[in-house]
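Go ahead and model the full structure; you've got the sequences and the hints to work with.
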Amino acid sequence: MSGGAADSGLHERTLADLAEGLATGEFSSCELTEALLARIDRHGTTLNAFITVTAGQALEQAAQADKVRASGDAGRLTGLPIVHKDIFCTEGVLTSCGSRILDNFVSPYDATVVERLSAAGMIMLGKTNMDEFAMGSSTESSYFGPVNNPWNTQRSPGGSSGGSAAAVAARLVPAATGTDTGGSIRQPAALTGTTGIKPTYGRVSRYGMVAFASSLDQAGVITRSAEDAAMLLGVMAGCDSRDSTSADHPVPDYVAALAKPLKELRVGIVRQHFDEGLDEKCADAVRTALRTLEEAGAKLVEVDLPNIDLSVPTYYVVAPAECSSNLSRFDGVRFGHRAGDPQDLLDLYCRSRGEGFGAEVKRRIMTGTYVLSAGYYDAYYLKAQKVRQLISQDFKDAFESVDVIAGPTAPTTAFAIGEKTDDPITMYLNDIYTIGANLAGLPGISVPCGLIDGMPAGLQLVGPHFGEGTILACAHQYQQLTDWHTRCPEDFA
Amino acid sequence: MSSRWEVVIGLEIHAQLSTKSKIFSGASTAYGADPNTQACLVDLGYPGMLPVLNAEVLRMAVKFGLAVNAKIAPRSVFARKNYFYPDLPKGYQISQYELPIVEHGELFIRDDEGNEKRIGLTRAHLEEDAGKSVHASFDDATGIDLNRAGTPLLEIVSEPDLRSAREAVAYMRKMHSIVRYLGISDGNMQEGSFRCDANVSVRPRGQEALGTRTELKNLNSFRFVEKAINFEIERQVELIEDGGEVVQETRLYDSDKDETRAMRSKEEANDYRYFPDPDLLPVELDDEFVAAVQKTLPELPDAKQQRLVEQYGLKVTDAEILTVSRTLADYFEAVTEKTSAKPQAAANWVIGALSALLNKENRDINDSRIEAVALAGLLDRIADNTISGKIAKEVFDAMWFGGGSADEIIEAQGLKQITDTGTIQSIVDAVIEANPGQVAEYRAGKDKLLGFFVGQVMQQTRGKANPGQVNQILKDKLR
Numbered sequence: 001m002s003g004g005a006a007d008s009g010l011h012e013r014t015l016a017d018l019a020e021g022l023a024t025g026e027f028s029s030c031e032l033t034e035a036l037l038a039r040i041d042r043h044g045t046t047l048n049a050f051i052t053v054t055a056g057q058a059l060e061q062a063a064q065a066d067k068v069r070a071s072g073d074a075g076r077l078t079g080l081p082i083v084h085k086d087i088f089c090t091e092g093v094l095t096s097c098g099s100r101i102l103d104n105f106v107s108p109y110d111a112t113v114v115e116r117l118s119a120a121g122m123i124m125l126g127k128t129n130m131d132e133f134a135m136g137s138s139t140e141s142s143y144f145g146p147v148n149n150p151w152n153t154q155r156s157p158g159g160s161s162g163g164s165a166a167a168v169a170a171r172l173v174p175a176a177t178g179t180d181t182g183g184s185i186r187q188p189a190a191l192t193g194t195t196g197i198k199p200t201y202g203r204v205s206r207y208g209m210v211a212f213a214s215s216l217d218q219a220g221v222i223t224r225s226a227e228d229a230a231m232l233l234g235v236m237a238g239c240d241s242r243d244s245t246s247a248d249h250p251v252p253d254y255v256a257a258l259a260k261p262l263k264e265l266r267v268g269i270v271r272q273h274f275d276e277g278l279d280e281k282c283a284d285a286v287r288t289a290l291r292t293l294e295e296a297g298a299k300l301v302e303v304d305l306p307n308i309d310l311s312v313p314t315y316y317v318v319a320p321a322e323c324s325s326n327l328s329r330f331d332g333v334r335f336g337h338r339a340g341d342p343q344d345l346l347d348l349y350c351r352s353r354g355e356g357f358g359a360e361v362k363r364r365i366m367t368g369t370y371v372l373s374a375g376y377y378d379a380y381y382l383k384a385q386k387v388r389q390l391i392s393q394d395f396k397d398a399f400e401s402v403d404v405i406a407g408p409t410a411p412t413t414a415f416a417i418g419e420k421t422d423d424p425i426t427m428y429l430n431d432i433y434t435i436g437a438n439l440a441g442l443p444g445i446s447v448p449c450g451l452i453d454g455m456p457a458g459l460q461l462v463g464p465h466f467g468e469g470t471i472l473a474c475a476h477q478y479q480q481l482t483d484w485h486t487r488c489p490e491d492f493a
Numbered sequence: 494m495s496s497r498w499e500v501v502i503g504l505e506i507h508a509q510l511s512t513k514s515k516i517f518s519g520a521s522t523a524y525g526a527d528p529n530t531q532a533c534l535v536d537l538g539y540p541g542m543l544p545v546l547n548a549e550v551l552r553m554a555v556k557f558g559l560a561v562n563a564k565i566a567p568r569s570v571f572a573r574k575n576y577f578y579p580d581l582p583k584g585y586q587i588s589q590y591e592l593p594i595v596e597h598g599e600l601f602i603r604d605d606e607g608n609e610k611r612i613g614l615t616r617a618h619l620e621e622d623a624g625k626s627v628h629a630s631f632d633d634a635t636g637i638d639l640n641r642a643g644t645p646l647l648e649i650v651s652e653p654d655l656r657s658a659r660e661a662v663a664y665m666r667k668m669h670s671i672v673r674y675l676g677i678s679d680g681n682m683q684e685g686s687f688r689c690d691a692n693v694s695v696r697p698r699g700q701e702a703l704g705t706r707t708e709l710k711n712l713n714s715f716r717f718v719e720k721a722i723n724f725e726i727e728r729q730v731e732l733i734e735d736g737g738e739v740v741q742e743t744r745l746y747d748s749d750k751d752e753t754r755a756m757r758s759k760e761e762a763n764d765y766r767y768f769p770d771p772d773l774l775p776v777e778l779d780d781e782f783v784a785a786v787q788k789t790l791p792e793l794p795d796a797k798q799q800r801l802v803e804q805y806g807l808k809v810t811d812a813e814i815l816t817v818s819r820t821l822a823d824y825f826e827a828v829t830e831k832t833s834a835k836p837q838a839a840a841n842w843v844i845g846a847l848s849a850l851l852n853k854e855n856r857d858i859n860d861s862r863i864e865a866v867a868l869a870g871l872l873d874r875i876a877d878n879t880i881s882g883k884i885a886k887e888v889f890d891a892m893w894f895g896g897g898s899a900d901e902i903i904e905a906q907g908l909k910q911i912t913d914t915g916t917i918q919s920i921v922d923a924v925i926e927a928n929p930g931q932v933a934e935y936r937a938g939k940d941k942l943l944g945f946f947v948g949q950v951m952q953q954t955r956g957k958a959n960p961g962q963v964n965q966i967l968k969d970k971l972r
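Protein chains in written order, with the numbering used here: chain R, 1 to 493; chain U, 494 to 972.
To be clear, the hints were calculated from the coordinates, so they are not data collected in a lab.
Partial list, derived from the structure: chain R residues whose beta carbon lies under 10 Å from chain U:
1) 97
2) 111
3) 207
4) 244
Quantities reported herein were computed from a predicted structural model and do not represent experimental measurements. Just so it is clear, CB atoms sit at the ideal spot from N, CA and C, and this is done for glycine as well.
Written as structure tokens, this is what we have:
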């Protein structure tokens with residue numbers, strides 16, 4: 001097929017739409033896959049959203065999916081395309097984690113997320129670019145270069161799942177997996193006008209997901225609608241005996257739950273979210289969204305998260321501490337980058353790691369090593385754990401009186417590439433509204449809620465533990481009342 | 494060593510738990526496989542791999558805790574011990590730090606005066622073993638074998654209650670015997686399944702404050718523990734008496750040179766940056782679990798020893814030897830059960846002749862060439878006077894080296910004891926007749942010659958004559 005995706009219009013459709021098209025025989029998975037691969041081919045370089053495109057493998061999988069469909073055994077996701085953040089291990093395919101230290105690492109196995117989506121019949125088109133080891137909020141720390149925002153290629157798509165967000169926003173693919181340790185799904189979703197969900201900690205298995213901060217990491221998806229996210233989450237979620245922290249908690253039918261109306265939904269508004277630091281136009285967009293919810297019958301309730309201001313400093317103790325340990329395995333001994341001609345063991349370690357890791361990763365390893373050191377552990381790591389408890393308790397208290405907490409996802413719209421790279425603290429503050437959910441292990445979703453000077457803004461909905469059904473329904477109902485999520489960056493229409 | 498000095502020793506014993514698979518992965522723990530054939534992606538520390546706790550190690554650790562009267566923690570936590578080494582694939586070892594699974598236990602040994610002495614156990618915690626570096630067979634490079642990486646270990650830490658190298662060995666032997674009784678470790682020291690580090694210090698007798706300690710590594714046999722500690726005590730005392738100071742450091746024992754030497758000082762020690770492992774949930778054990786494990790506890794060495802003394806009237810020292818291993822005690826009891834001989838006689842044979850041959854051939858009691866029922870058969874023939882004790886040793890050797898039951902060997906080799914008085918009398922008569930000179934001397938008062946006559950009779954009967962009868966008849970006839 002040579003007509004290309006622009007002609008077919010397939011790229012414009014959501015996952016739910018495409019599922020119907022496949023089911024009715026309107027087009028085949030091969031046609032769909034070819035159309036999107038052509039589109040990735042055309043726009044991939046502009047955006048730098050991909051580290052690997054697995055065209056050959058994708059076409060084989062698509063042919064297989066069409067066979068399955070012909071035999072009548074197709075599920076709803078059979079033959080639908082997806083891309084994976086390059087943090088997920090994929091058998092036989094480069095899994096770089098955006099780092100030079102893994103730029104030769106071909107995983108011998110599939111992550112649970114990959115395995116489950118693949119078992120459901122989905123076609124993997126490639127692996128997306130990301131901040132190195134998911135450490136960053138702009139996808140600029142990638143060894144493979146920064147990702148450009150489809151809404152304005154001079155700007156960042158956010159991060160760390162910037163490649164996934166940009167690919168979905170530019171309609172190169174209808175869905176992408178991501179991971180979220182401090183906002184890495186929700187913030188790029190907000191900055192690219194896509195929908196991104198980070199489930200409850202433990203909802204989705206971390207097996208095969210290269211670890212950044214194990215107590216915070218959680219896999220999720222970036223899509224064009226809450227409905228699409230619900231379709232995927234139902235397959236990804238569930239207990240996995242290979243991850244001890246995965247939750248043995250039943251997985252509800254998220255798609256069925258979408259129909260729940262907004263009426264009587266108690267929506268919490270956090271006073272602290274509208275303090276200084278939030279761009280006034282972003283604040284307006286969020287306020288408008290909240291009014292939309294209210295007009296549809298939701299009840300807005302003011303809630304207090306008294307310790308939420310401490311979430312960024314707490315995060316920047318806990319996350320680096322865990323990463324300093326998690327990244328110790330990259331030592332040049334068994335896999336990944338190994339320095340040439342090492343003189344001795346110390347030289348092998350120092351140069352393999354020195355050459356293999358980028359500046360932000362090194363900064364966090366050093367911070368983490370420091371906060372765990374004898375004499376500093378109590379003052380930093382232990383103190384941070386205590387504050388984390390307080391923040392969790394604040395959310396718990398708040399959810400006594402509300403069903404979801406709503407607010408901005410990020411303080412501003414997408415910033416220029418290079419704007420914050422010299423100032424880590426400003427960069428870190430981009431996650432000020434998202435980090436709390438990670439510290440408390442809560443599910444959060446970001447949905448598009450406006451365009452400010454041509455750039456998307458995001459509304460974040462946070463739910464109680466295992467409240468994915470509630471926040472997906474709220475997001476879906478909001479998307480029935482608005483069309484921000486259907487807006488497409490002009491150059492990629 | 495001058496008695497001015499008191500020695501203070503604490504031991505850290507690493508017992509490898511005898512699970513089939515590793516503590517956090519499904520890979521096999523079998524010893525001796527080709528390098529890196531028993532290391533799965535978890536053991537290799539591959540990106541994205543996560544540890545999953547093997548529940549069997551919890552049962553084993555709890556079993557141990559109960560056996561040493563310890564407190565079983567209702568909640569224990571795995572922590573990461575961070576350091577870089579090529580045989581440590583993840584760059585950290587998963588261990589327990591602040592909250593170990595077992596705390597505050599005790600066991601009893603005999604001190605240097607032979608009195609029972611209580612040794613406190615500070616804690617026992619679960620951890621994974623590292624792999625090992627292979628220096629041979631590579632030019633200019635070091636190989637890494639990760640088969641051992643992830644093997645479950647129970648690290649047992651004693652209080653500094655030991656006061657001599659001998660006590661340290663007694664403690665280690667007792668611990669060795671307990672873990673084997675419990676069936677939680679094979680205790681194989683050659684294969685490194687049971688090894689120990691010793692913390693050693695000395696202080697002037699009467700002083701309360703502890704002296705500066707050194708930690709001795711690489712003590713992989715009872716003998717080395719004793720030798721290394723004694724060397725170290727002497728080194729420390731000499732150092733202090735010469736006006737020097739002991740430096741806190743880790744020292745490696747070199748068994749070839751029989752000396753310890755400095756490995757790294759306190760300043761060079763790693764800062765392990767322990768913190769709770771976020772990949773593993775805290776281990777929570779309820780009373781029900783502990784009670785279920787309690788039911789699986791076997792009779793332990795101390796209880797068994799006491800029972801053997803009370804039930805069979807054994808000498809305490811013999812009961813002590815028999816109960817060092819559960820299988821040896823089981824063997825003894827199996828023999829006793831099947832023989833009409835006295836239990837003490839059975840004990841003498843097991844501890845004496847049998848153990849000697851087992852040791853000589855380096856065999857475990859389970860691989861004894863003479864089964865318990867066969868030994869019982871031999872003891873029966875001694876008890877019913879079919880053979881003498883001396884002949885019995887011959888039969889025993891024949892059973893060991895050639896197989897067969899005692900009865901078969903006695904029958905085939907005609908070793909049956911001569912107890913017929915008439916037969917013995919006629920042999921005695923012949924001996925007296927053949928040795929008139931000695932008879933005269935004996936009758937003149939040289940009593941010692943009785944042995945000569947006994948020897949002559951035994952020679953004639955190839956040892957088969959009942960020694961008691963021979964003695965009596967000779968005495969009567971020579972009177």
